[in-house]
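Chains as they are written, first to last, in numbering that gives the first Met the number 0: chain A, 0 to 248; chain B, 0 to 49; chain C, 0 to 217.
None of the hints are false.
Quick list of in silico lysine to aspartate or glutamate cross-link-like pairs, DMTMM-like style, CA-CA up to 25 Å:
#, chain 1, residue 1, chain 2, residue 2
1, A, 10, A, 149
2, C, 184, C, 121
3, B, 36, A, 150
4, B, 5, A, 43
5, A, 10, A, 150
6, B, 33, B, 47
7, B, 33, A, 144
8, B, 33, A, 245
9, B, 36, A, 144
10, C, 184, A, 123
11, A, 10, B, 43
12, B, 33, B, 43
13, B, 36, B, 47
14, C, 184, C, 39
15, B, 33, A, 147
16, B, 36, A, 245
17, B, 36, A, 149
Calculated directly from the structure, the hints in this document are not laboratory data.
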Amino acid sequence: MSLWEYANPTKFMRLSGAVLPWVSALAAISIVSALYWGFFLTPEDFKQGSTVKIIFIHVPAAMIAINAWFMMLVTSLVWVIRRHHVSALAARASAPIGFVMTLIALITGAVWGQPMWGTWWAWDPRLTSFLILGLFYLGYMALWEAVENDDTAADLTSVLCLVGTVFAILSRYAVNFWNQGLHQGASVIRVDGVTGADTAEKVSNVYFYPLALSMLGFFLLFVALVLLRTRTEIRLRRMQALLARERVN
Amino acid sequence: MPELGKYAFEVVLAYGASIGLIAVLCGASVWRAKRVKTALRAVEARRDKS
Amino acid sequence: MISLLIRDLRIATRAGGGAGLGLAFFLMVVILVPLGVGPETQLLARIAPGILWVGALLACLLTLDRIFALDFEDGTLDALVCAPVPLSGVVLVKSIAHWLVTGLPLTLISPLLGVLLNLPAEGYLWLMASLLPGTLSLSVIGAFGAALTVGVRRGGLLLSLLVLPLYVPTLVFGAECASSLMNFKDPLAPFIFLIVITLGALAFLPMAGAAALRANLR
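Construct the entire structure; sequences and hints are all you get.
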C-alpha cells in the first residue's frame, strides 16, 4: 500500500469521491466562520482602521496562489518522472485556482493599498512579482488549451512549469533588486511567542486566530476544488476514449 | 453590520469582489463537473446498450 | 553543427528570411516613442536605456517563431531529431543563429539610436555591454518558447504570452545596468546578474527546448 496506488484513475476516483463531500463541507464551514469572525467580530486596528479586516482574505489567497504553483511543480515532476496521468491532470486542474487566487490577492491588495499607501497600485516588488505570477498562470493555461494531443500538452506544460518556476524565482529577486517597496515583510509567521520591542508591528492574537482559520479554510477549499476538477478531467479523458472507440466500431 | 468607520467602502468592496470571484470559480468547476458527468453517463449507456 | 549554423544564417539572410525585419522594427519603436512622449531632451535621455531595451526585447520577440516554424513545416526538424547530433545542441545552434541575425546587429546599431534619444555620453558603453549578453539570453529563452509552441497552429500570440514573463529578469537587470551610471549607481552588480542569467540560460534551456521539441514531434 503506497501513495502511488492512487495514481490509478479508478482508485483515485473512488477515494476522491468518498473524500470530496467532507472536504468541501469542512472548507465551507471554516471559510464562512472565519470570514464572519473576521468581518463582524474583530476590532479595528488603531492605525489601519477597519481595512485590517481585508487581511483575512488577502493573506490566505496569496498563500494559495503560491502553493497552487508549487502543487503544479510537484505534479508536473511526477508526470515527467513516472508518467501518471492523474498527476498531469491534477496539475492542469490547479492552475485556474491559482490564477483566481492571484487575482484575489491583487484586487484585495489594491483595495487595501488605496487608503493605506494612497495608491491603488505601486511597482513594489511583492506586487510586481504577483502580477508576473499571474502572467505565468495565464501562459500555462493557454498552453494546455492550445495543444491538441493531451500527452504532448502534459509534457510541454510540465517543461514550461519547471522552467517557469526558475524564472519566477529569478523575477522575484530581480524586482527586489530593482525597487525596494512599500509592502511590509511577512508579519504573520512571527506572530506567536515573540514578545519584544516590535510588538506593534506583529499581527496580534485578536487577528491571528481568525486568520489561521481562514488560511485553513482556503487550503481546504483548494484541496476540494483540485479534487473536483481533477475528477472532471479524468471523466473527460474517459469520455474521449469511449467516443474514439465508438467511432472505430 | 459592524461599524466600519471611514473605510467601509474599501472593506466591503474587497470582501465582495473576493467572495464573488471564489463563487464564480466554484460555480464554474461544479457546473463543468456536472456537465461532463452527464455526458460521460450518456456515452457509457450507449456503449452498454450496443 | 557548424554547417547547421551556416545553413541557418544563409536562410535568414536570404531575401524574405526576416533578418532585417527585427532591426527595422527596433528602429520603428525607437522613432515612435519620442513621437509619443514628446521631444523634451531631458525626459528622453532619462528613459533612453529603457526604451532601447524594451525595443530590443520586442524586436527579438517578433522574429522568434521563425526559429523552428519553417523547419517544422518542411520536415527538416524530423531529420534533425534523428541526426547523430544531440538535439539540445541543435537548439543551442539555432538560438545562436537567431542571435547573430537579430541581437548582434541590434546591439551594434543601438549607439546610433541612442543619439536619436539623447543618451548621455557615459551611457553608451554600458548600453552595449548589457545588450550584448542580454540579447543572447533573449534569443536562448525565446528559442525555448518557440520549441514549446512549434506544433501549435497560429502560435505567435501564445508564444509571446509564454515568453514575455520569462523575459522579466533579463529586462530588469539589463535596463538597470544600462541606466545605472546615469542614476549614479554601480552598473557592475546588475551586469554580473545579467551574465549569470545568460550563462544559466545557455547551459540549461537548450535541454528544456530539446525536451519540448521531442514531445512536439512524437
